[in-house]
Amino acid sequence: MATQSSSHETDTGPAPSDISPLIVSSIHEIKNQFSILLLHIEDILNGSQQNENNDTAAKLRGEVNFISHRLSEMLGSYKSQNFSITPNIDQHALEELFDDIAIHHTLTETSYDLTIRYECNEDMFGFFDEHMIQNIINTAVYNSAQTKVQTQKNPHTAPVSEILISAHWDEEKQNGDSVTIFIEDDGPGYPDSMLQNSQTESTSTDLKVEQMKTGLGLYLAHQIAQAHTRNGKQGHIELLNGRTLSGACLAIHLP
Amino acid sequence: MSESRYYQNKKVLIIDDLAEMRSSLKGKLDLLGAKKVDQASNGENALELLRNHNYGIVCCDYELGRGRDGQQVLEEARHANLLKESATFVMITAAQTLEMVMGALEYQPDGYIAKPITYDEFQKRLTKVLRRKAIFEEINGAIDDGMVDDALEHCNQLISEKPKFSLPTYRIKGKLLYNDERYKEAYNLYKTVIDINPVAWAKMGLAKCLHVSGKHDQAKTILEELIKTNKKYVECYDLLANIHCEERNFDTAQKILERAIEQSPKAVLRQSQLSSVATRNEDWNVALKSSRKAVSLGKNSVHRSPDSYLNLARALQPQLLNGGYREKTYALNEIDRALETVRQDYSHDQQVHVKASLIEGLTLQNQGKEEEAKKKLDIARATFDSLKIASAKKCVKDVGKTYVDTGEHILAEEFLTEMKEKNIYSQDSEELLSQVSEANHASKEKQEEERIIQEQRKEIDNLNNKGVELFEQGDMQGATKLFKKASKSPQASISTYLNTIQALIVFMQKEGLNEKDSKFCEALFKKLTDVTEKSSGYKKLAKLKKMYQELKA
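Protein sequence lines, in the order shown, are assigned to chains A and B.
Note that the first sequence covers residues 801 to 1055 in my numbering.
Note that the second sequence covers residues 344 to 896 in my numbering.
Just so you know, the hints here were simulated from the structure itself, not pulled from any lab data.
What you are looking at is a predicted structure, and each value in this text was computed from that prediction instead of being measured.
It cannot be assumed that every hint is accurate.
Taking lysine-lysine and the BS3-like style, the derived pairs with C-alpha atoms no more than 25 Å apart in a straight line are [what the hints assert, rightly or not]:
#1 A/K1033 to B/K471
#2 A/K1033 to B/K518
#3 B/K609 to A/K1033
#4 B/K563 to B/K518
#5 B/K609 to B/K598
#6 B/K827 to B/K870
Here are the computed distance ranges between Cβ atoms for each label pair [what the hints assert, rightly or not]:
#7 B/Q500 to A/H968: 28 to 36 Å
#8 A/I836 to B/K642: 26 to 34 Å
#9 A/Q833 to B/R409: 15 to 23 Å
#10 B/R409 to A/E863: 28 to 36 Å
#11 B/D492 to A/E863: 32 to 40 Å
#12 A/I823 to B/G489: 28 to 36 Å
#13 B/K642 to A/I823: 31 to 39 Å
#14 A/I836 to B/R409: 18 to 26 Å
#15 B/N522 to A/K859: 48 to 56 Å
#16 B/E670 to A/E863: 32 to 40 Å
#17 B/G489 to A/R1043: 50 to 58 Å
#18 A/Q1034 to B/S769: 47 to 55 Å
#19 B/A362 to A/P991: 29 to 37 Å
Even for Gly, the Cβ is constructed at its ideal location relative to N, Cα and C.
Hey, can you work out the whole structure from these sequences and the hints?
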């Protein structure tokens, strides 16, 4: 990728034993393969009107989408360690942002049999990097969807059937336009171990093995939220359970 | 669907280097009801098409292989007005490229679409981008019609009606005011925005306003701050480098441009500017690299400039001088090609012909063909003399510099002085003239110094020879007088000192010790303390020391 190679030209280069650039470029390649795979699945879906393969193809499409996102996350985390995250902050209407997210997750809804809703006042706006915040929200949505897959076989836990994305002014509007975005589901919620950690600094080293599947995404989310600063205030993320829906809730506080 | 109004009657251009992606996109757009869908596989073809057609929608992949990237296509299209303001430019990127690569940029696409994408999602995303673009429909329409005041009025209306779009609207308004040279109003607007939120583009706007009103230091402070937090905001580097050039800090300007190019190596204009600054700084490695890039990226570009070709031919000269046979041959080929292209493609530009002839002259000189070089420079000079004053002013430094580079320092000074009297000069030629005349003056002084030294050496030789003559005739007093005089000269050598000592000792052996002469001897021995065993006069010195000690005893 052009930007990556140019940054490496000026560095002294990785130590011979450091194979992470190799791994990164492999991930990048795999991701591109998935893009093509997705094109083929599209063809199948468009070609066949109604047959029994249709459902399978749609599920396949959802999974491929999900894997692509995970790979993006891995690349993103690698870059966040090697290059500083500098958000391109501007004013964005939250309704627009949520609309984009909803479009992006049309597939997630059908392949995981979920309802994704968003709620916000149409006049609401915030100051943030659109793409970065989208990425955090996507991560949270995919996490909820995955929770559904993992808990489906367990009759004692509530299956996720709904995801709600909403935005709220933090204080009275005239006190400053701080915004919090909540992404919540009606699943079993975060395990206690994760809630305890949520207010403290989330660093890559203190992630426990059982958290790894969501840890990388949350780690990146935390880095991104922190990079959002305004009037000396810094953004952060928070994990909650049972806010308005019964399950997990990720809060993104933006100054 | 009512949304089809966004596609109907619109010509669409797809830019992607992968045929598979292009046809898949075309299929989707056809389904959406686009009127006509054209395709380009690289930036060069895309710009060609953009120049000749009026597209309503452009879907461009960010990664376009070897040539330009999507951002460059966008910048050139907007910069050269190949794309109407009301036309929608959509950048298609791989998701992770998007968030990390895109930062604050002056030229932003109307929307991004992340790959991979399904038909459904593509349709919804594109429709959404078009719907959003439609919010600014009246403003963009007025801009396309050249109605600045109407556009500003529409901006004000939108800001008061839809506060959630106020910042993007302010951004358009700021640009309109700035381009209309209403700098004070633009400045105030950017101030207002920064009070709401110190977004990068508003700080950049403020710096631009400060720059045009001559407040360089304030502009520089803002830009340096911006670069620290928004490393990828390349336009900041451009303006900062520009200010440093205006202040004639060319070394600093070069460093800043090099940093900008690290961030965006594919920008033609930036590479071409770096090649010019590096050429001026005589940093030939950087000049060579950047001019090569500028030439190869510049094909079909609005930012293509003859300077890149000329800088390339100039930057290859050190290889002609210092390279091996192969290197020289390759360099010569590349120089010929660059100069031939620039003469052909800019055949009506006499300045180009002057500069090309100058470099041809230098090329011949560096190949050791001095006669031919002189002839070439005479041709350059004749073409130069036929230029109008305004054009001549732009070439006068190049002519003078080439004289300097071919070793004609006096000619350079005479030429520049003559041109100055004819009112043909620039800040650059003035600077060169003062450098050349200072150097010429210094070399004249050095010559004079050398002449004096030669004379003094001659005199010593004279005194020495006469002294030896008198010594042999036995006139010790006469001989010592001459030797003493010789050893007081600043050019006196070891052998002068040794001869003097010898004459004094012999004289005192004959006439007896005297205080004055023995002091003189001792002073000379002190001057000879550096003479070591390896020096040629050592034996004689040892002998004389012994004689002197015997004499004193």
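Verification of the hints:
no.: 1; hint: A/K1033 to B/K471; in the structure: violated, 32 Å
no.: 2; hint: A/K1033 to B/K518; in the structure: violated, 30 Å
no.: 3; hint: B/K609 to A/K1033; in the structure: violated, 36 Å
no.: 4; hint: B/K563 to B/K518; in the structure: holds, 20 Å
no.: 5; hint: B/K609 to B/K598; in the structure: holds, 17 Å
no.: 6; hint: B/K827 to B/K870; in the structure: holds, 14 Å
no.: 7; hint: B/Q500 to A/H968: 28 to 36 Å; in the structure: holds, 29 Å
no.: 8; hint: A/I836 to B/K642: 26 to 34 Å; in the structure: holds, 30 Å
no.: 9; hint: A/Q833 to B/R409: 15 to 23 Å; in the structure: holds, 22 Å
no.: 10; hint: B/R409 to A/E863: 28 to 36 Å; in the structure: holds, 34 Å
no.: 11; hint: B/D492 to A/E863: 32 to 40 Å; in the structure: violated, 55 Å
no.: 12; hint: A/I823 to B/G489: 28 to 36 Å; in the structure: violated, 54 Å
no.: 13; hint: B/K642 to A/I823: 31 to 39 Å; in the structure: holds, 36 Å
no.: 14; hint: A/I836 to B/R409: 18 to 26 Å; in the structure: holds, 21 Å
no.: 15; hint: B/N522 to A/K859: 48 to 56 Å; in the structure: holds, 53 Å
no.: 16; hint: B/E670 to A/E863: 32 to 40 Å; in the structure: violated, 56 Å
no.: 17; hint: B/G489 to A/R1043: 50 to 58 Å; in the structure: holds, 53 Å
no.: 18; hint: A/Q1034 to B/S769: 47 to 55 Å; in the structure: holds, 51 Å
no.: 19; hint: B/A362 to A/P991: 29 to 37 Å; in the structure: violated, 48 Å
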